[in-house]
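Protein chains: 4
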Amino acid sequence: MGFAKKEHEFLSAIGLAPENPGGFINGKWKASGPVISTVSPSNNQEIAKVTEVSMEEYEEGLRSCNDAAKTWKSLPAPKRGEIVRQIGDALREKLQHLGKLVSLEMGKILAEGIGEVQEVIDMCDFAVGLSRQLNGSIIPSERPDHMMFEVWNPLGIVGVITAFNFPCAVLGWNACIALVCGNCVVWKGAPTTPLVTIAVTKLIAEVLEKNNLPAAIFTAFCGGAEIGEAIAKDTRIPLVSFTGSSKVGAKVQQIVTERFGKCLLELSGNNALIVMDDADVGLAVRSIFFAAVGTAGQRCTTCRRLGGKILTGGSVIESDGNFVQPTIVEIASNASVVKEELFGPVLYVMKFKTLEEAIELNNSVPQGLSSSIFTSKPNTIFKWIGPHGSDCGIVNVNIPTNGAEIGGAFGGEKATGGGREAGSDSWKQYMRRSTCTINYGTELPLAQGINFG
Amino acid sequence: MGFAKKEHEFLSAIGLAPENPGGFINGKWKASGPVISTVSPSNNQEIAKVTEVSMEEYEEGLRSCNDAAKTWKSLPAPKRGEIVRQIGDALREKLQHLGKLVSLEMGKILAEGIGEVQEVIDMCDFAVGLSRQLNGSIIPSERPDHMMFEVWNPLGIVGVITAFNFPCAVLGWNACIALVCGNCVVWKGAPTTPLVTIAVTKLIAEVLEKNNLPAAIFTAFCGGAEIGEAIAKDTRIPLVSFTGSSKVGAKVQQIVTERFGKCLLELSGNNALIVMDDADVGLAVRSIFFAAVGTAGQRCTTCRRLGGKILTGGSVIESDGNFVQPTIVEIASNASVVKEELFGPVLYVMKFKTLEEAIELNNSVPQGLSSSIFTSKPNTIFKWIGPHGSDCGIVNVNIPTNGAEIGGAFGGEKATGGGREAGSDSWKQYMRRSTCTINYGTELPLAQGINFG
Amino acid sequence: MGFAKKEHEFLSAIGLAPENPGGFINGKWKASGPVISTVSPSNNQEIAKVTEVSMEEYEEGLRSCNDAAKTWKSLPAPKRGEIVRQIGDALREKLQHLGKLVSLEMGKILAEGIGEVQEVIDMCDFAVGLSRQLNGSIIPSERPDHMMFEVWNPLGIVGVITAFNFPCAVLGWNACIALVCGNCVVWKGAPTTPLVTIAVTKLIAEVLEKNNLPAAIFTAFCGGAEIGEAIAKDTRIPLVSFTGSSKVGAKVQQIVTERFGKCLLELSGNNALIVMDDADVGLAVRSIFFAAVGTAGQRCTTCRRLGGKILTGGSVIESDGNFVQPTIVEIASNASVVKEELFGPVLYVMKFKTLEEAIELNNSVPQGLSSSIFTSKPNTIFKWIGPHGSDCGIVNVNIPTNGAEIGGAFGGEKATGGGREAGSDSWKQYMRRSTCTINYGTELPLAQGINFG
Amino acid sequence: MGFAKKEHEFLSAIGLAPENPGGFINGKWKASGPVISTVSPSNNQEIAKVTEVSMEEYEEGLRSCNDAAKTWKSLPAPKRGEIVRQIGDALREKLQHLGKLVSLEMGKILAEGIGEVQEVIDMCDFAVGLSRQLNGSIIPSERPDHMMFEVWNPLGIVGVITAFNFPCAVLGWNACIALVCGNCVVWKGAPTTPLVTIAVTKLIAEVLEKNNLPAAIFTAFCGGAEIGEAIAKDTRIPLVSFTGSSKVGAKVQQIVTERFGKCLLELSGNNALIVMDDADVGLAVRSIFFAAVGTAGQRCTTCRRLGGKILTGGSVIESDGNFVQPTIVEIASNASVVKEELFGPVLYVMKFKTLEEAIELNNSVPQGLSSSIFTSKPNTIFKWIGPHGSDCGIVNVNIPTNGAEIGGAFGGEKATGGGREAGSDSWKQYMRRSTCTINYGTELPLAQGINFG
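Protein chains in written order, with the UniProt record's numbering: chain A, 1 to 453; chain B, 1 to 453; chain C, 1 to 453; chain D, 1 to 453.
Derived from the structure by calculation, the hints contain no laboratory data. Be aware that a few hints might be false.
Said to hold, decoys possible - Derived pair list, reagent style PhoX-like, types lysine-lysine, alpha-carbon separation capped at 20 Å:
1. B:Lys428 to A:Lys251
2. B:Lys251 to A:Lys251
3. C:Lys428 to D:Lys251
4. B:Lys428 to A:Lys428
Stated by the list, open to error - Okay, the calculated bits of chain C under chain B, using three or more residues with CB under 8 Å as the criterion:
5. 77-84
6. 89-100
7. 133-147
For glycine and all other residues, C-beta sits at the position ideal for the given N, C-alpha and C.
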């Protein structure tokens, strides 16, 4: 049986059907929860149906994942890297189809859909190299015949809860690193992008199968808040990586930390772009355009404040889909609406006199994700990135607020949650650290030269 | 007016008097809260009186500290290191007196009192070197004419809440690192060791004064739970470092994370020491002795479980002071009392057959601070420190569970809270990280090769 | 026209013919020097003919390579990583054929031939990840409004001179790292393995062509000592990586350092394997077998000394090929023949009484490449790897002297030359380091607080 | 008996006398070589007499140093750090006197003399922190039940040959790091600054004595080229750190590398300062003044080329001392005299049109030590420090060519020798690296998945 629409037939090439069970549990696709329709936000028409998982299926998935964790963490890290390399190659082969699906189901333009899948592939390549560099340290001991090690070991299972705006890139940031670090992954995708969840999982599952590894190393659920809450509460999951609003993130954090689990949060942004009077204006204008309306204003790094009456736009466009006119609003900097994240192509414009004032405006919101300045002065650049500068996790100069590279650490401060994903030493969050002191002599000297008894 | 007891007169050499105001606020000693007596736990007799701070004084302290933060973070890090070096020298000069005070007010033996102060001195020396090594990274960008930086900037203010068992070492771990990282410090010492709080603060204050720096860079409060709660709630304090029980720690964490602040928790331990049949028995016995009764069993790294009827001890000793007989209890490993931290020289003894069983016992408690194994087999050592080994933050071999060196990171997993203090890259917790991308060209290429509009 | 022997026909699938020009110069295969026959060492029969390059062709190659260097170092490092990834994939596709060629032309068994090519592939994967981690540092400056950077930039051209025993792995160690670091590569393979040189170069050339990059980024020469000397003398080549004997290496070093160029030397080994009386004997015996006769005793890490009269072997085997009986010789430790590298499956056996004596024997030769101990005592392990232990670059425990992984740094001390290739921070040798101090303020403070004029 | 001149009497407070034996050999001051006069270059009058060492004394010194090496490298690194901390404190106490001596004997102004001693003190503080951070790595192995370590061990003895222009700072860079790394130090100071050599050695000797350590850990010689050559040839000295001219440095390198020893070279500079038309001219002028005539033009980082007829100066000043008028010469950039280092306050001025041309001029000399640009454009800054920018080891922006901080690595490329001293990871040059693979299982898997026999 084929898809209702001819233009959706490409989906069968990436393992999708008009009706899809939404749980990948111990190597089998199954689901007995509610059946939902997934629609294209550009015309609100159904693409396919997906059955979500029940709580029983969640439990079965976790049990098998927990078993698989023993096998996976025994595999040497470079061997785990080889698996992730094969995942990257599998995605590379289906890049166009997957990119088209992301565009179709999430609503961003095709170039961005393909770019998002490319980012997962880049993460795989990066993680392969990393699998030989998850280095611990040998630290000089102050005691003779002692060695001090800092050893990094896997956590076991990492829960990944992703949002609709980046339906596969965020999974890529987390899963690639989590896997080479020796963790199994439990993924709950966004309820509105289940086809991306299923298609990506199928490719990963094939690689695991080809290598005779337990399929439950990667466990995926299509489902709603109930499944998210179960992950947050589950003591078998030492780390929960959550992407979403600050409000829900705060709740997740409370549940997870109550059981002394760890959270990796990527929450709301409210990102300002400052244009100094010495800026290259052409560069700034092009950047503002991409920063404000790229991904239809639904990146968490989307520019929302530019360093109020509606100057242009402001209407919902009459069509079958969910289109909003790109909107620019001139506003006083202390208006309370400015402090909240509005998920759409809406840009508030504020004025300032000095760099200090501009930085103060930038830092005055509860969120701390991304920020940009346009300037041609070294003094301004280095102040902006220094101790008195932007308090965000992403601090750009002469580029938009969005469009991060995977080599750096992605994430933000304050109400954005403090987590860091992708590059740099983000991997450390996916492992536990032991400080090991080994006495290989026959004496028992104490630290700080204490002479005890 | 002198101290009531002649043997307490040495306290005047470290700035203490029979009556002491317990707040160091904007460079002045003052306090208008309740007056408490501080007593020696070895005989329950009063040493001196201390006035605790009021909430008004807390507020005054925080306001001045917040102002001082602007000055302190502007100072180049190596200059901050020079201040910390001078603090170390000031402590070195008073090492004997301070050590005696720690022993007197906290109750540990003199050698351990001096050892604890020495640890703060070691931390100062370590932090001086660190002040030239708080390195960010320059990361290769995938875009031409772009540079990617990872920059570390100060947080502003670090709140440090310490416990009675290490009344100055934990302050040292936190303050030395926090200060070189460019943060002001707000310290609330334990209510039962206010003299240590005051004496250490006085030495630090002198160094700041000699260097013409704002005294409020270091702000200290003697006070109770009310002050601790105020610190936890205060949005001016981005990082709260708390040492204490898992129960109170969980509450602190909830308050701090609700406002999207950060926590650094050092909570309860419940530490096991495993003796394999191939162990050097002499070494093991000496270690168990130090691990179980050192610091009167009141280190969080104290050994509490050794691989139940009371075998020896178990009584409160009749005397003026708070003495408990060192106690050894043979017990079944699944008894629920084993899962809780008991702050005294009490040791539970359990039996096991295989290494796997011993590790399972070790990992079966909610806490995850410290653990030791005694063995002469390489295979056992490397399994113990590997992915299937101890799940603690401190994983020792042929040494006791306690007695950490400052070069490594100190802290534990699970209900122990997950924080890491002292050495390794612990300093990163005291700074905020920015991923900065600088475009110094005239084009605007996007990451992942996206071609937008 | 086909190969003379049917079993050599597989060579045409990797771009080889019965007659081959041996220079890859500015994207063209050409050569006008002497014509040589390459033979299989197992039967001394010709495989194919290769024309070596003339000095004019060397000069033409270098000129075009020097031009290409400007383009290659302008490419962002992660883009260079993508090229190396494609090279890895190209090798992966031809793994069996290339492995067979290595076995045929060099003489090692097929499993080792394939293993050697796999090592180059592993290096490519590793280098891809590295291309986003060639990190410089941002170092705290002691001066206000100053930033201190440590920046790593490409050298330009790296000359790689390899030996016959690893005709492609050593190229892989060097070229993968050199390329992602932004350097062009000039390769002179061993005179007896020109087909490996040509086949590997052809695969790399295809990748460069497919990506529209200058072919001269990779320049290869089949040739003799004259070409090696030209590379050593060439001021356009800031780094020469040489693998070969200590004698020739010393000469290369002298020529290169005279012009203040840099050398990366992998010279002779003379590797001991110590079996302690507490060793797992089964493990030791299997290891000695692989260490002593693997690669027909022609690894530089081959075990040559074990913890004299000929006990077994010692004869040249009468056959068409170059076969030598594996030979074990019992010998006094001070015999001078022990101090030289003998390139064949010959093993000297010496006796010792204590660990100290064994280590002294191990360290008593001029070379310092590889060394192993077999023991079951932690004390012995940690002494062996510590300041009083083995002085080699490779220090193994319970494994043979040979068979290194790419994640670590490969190389040796003393007469072995001191270079380090493959993993760890070996990449730093392929770049130049700048310490950059940027003043972005308006004052001119001096370091060390100097007040000048 | 006192000094001939009253103003030299302060020298007795730092252990100097009118006549001084110039060898510190196994804890004793002795010397039987030629007697020399040390004079003040400002008036050519004698300060004191020094007896240089004979070759017999050299041999005695080396033998005792070699013995002491066993003790020193057995001491845990943090304990070695404590010794270096005490050395720093000893220098701090005598800072004024030592600074005055440096100024008197070398000829630089007092502020620079004190600054130089301060730099040694800074190095001590830095090295103390480093003594707990000489970290090796634990690298993931691709083989199950294997661990891979990168371990850093001491070299044994480091020979340090310093020049007259920085008679104690260069010793500080080398000795502080060498000592915490576990090496003994053999120091030959410049023949014209023996009093600095003796005074600094005396302070270090006192610290060693107070700590009951073998005095020969630090061995010092006043002497000429003969002693320098002996150090270069001595196989007991694995690393020779040499500061001086490129010509002598090349010779030292040849001797040392012939015996497969290692060199750390700090040779000639020929440093350019580029002033772009967008520069802050006031800042540039002040910088040029310090860069060109600071230390009387006798820093190796002295600015010699700005970015020819004599414009001013050019005469030897008639006086008792060695004074030269600061001299500025306008010159064509291709004049051959420009390519050589002239040790005095002489500055060549050249003109250029574009940044590219200026960089080409900067890079056109054989030396590669230091370089500066003055500009207010980010694009110029980042090009200057990038792959197409300055090829020097020190690359400054808006500060002079001289005046380095200790936190970065100091040294230069090309004929400057390639060594790096002081901060960053310079310490690695003072240690030897072992890649250790430990098999703690019972199987013998091979790397690259090879199946052997």
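Each hint tested on the structure:
1. Using a Cα cut-off of 20 Å, the hinted pair Lys428 of chain B and Lys251 of chain A is violated, with the two alpha carbons roughly 26 Å apart.
2. A hinted pair counts as satisfied when its Cα atoms are at most 20 Å apart, and Lys251 of chain B with Lys251 of chain A qualifies at roughly 15 Å.
3. This hinted pair does not check out: Lys428 of chain C and Lys251 of chain D have alpha carbons roughly 26 Å apart, beyond 20 Å.
4. Simply put, Lys428 of chain B and Lys428 of chain A have alpha-carbon atoms about 12 Å apart, close enough for the 20 Å limit, and the pair holds.
5. Restraint check on the segment 77-84 of chain C versus chain B: 3 residues with Cβ-Cβ distances below 8 Å, three needed, restraint holds.
6. Given a C-beta distance limit of less than 8 Å, the hint that chain B covers the segment 89-100 of chain C is violated, as 0 residues qualify and 3 are needed.
7. Restraint check on the segment 133-147 of chain C versus chain B: 13 residues with Cβ-Cβ distances below 8 Å, three needed, restraint holds.
Checked against the numbered hints given earlier, the structure breaks hints 1, 3 and 6 and satisfies all the rest.
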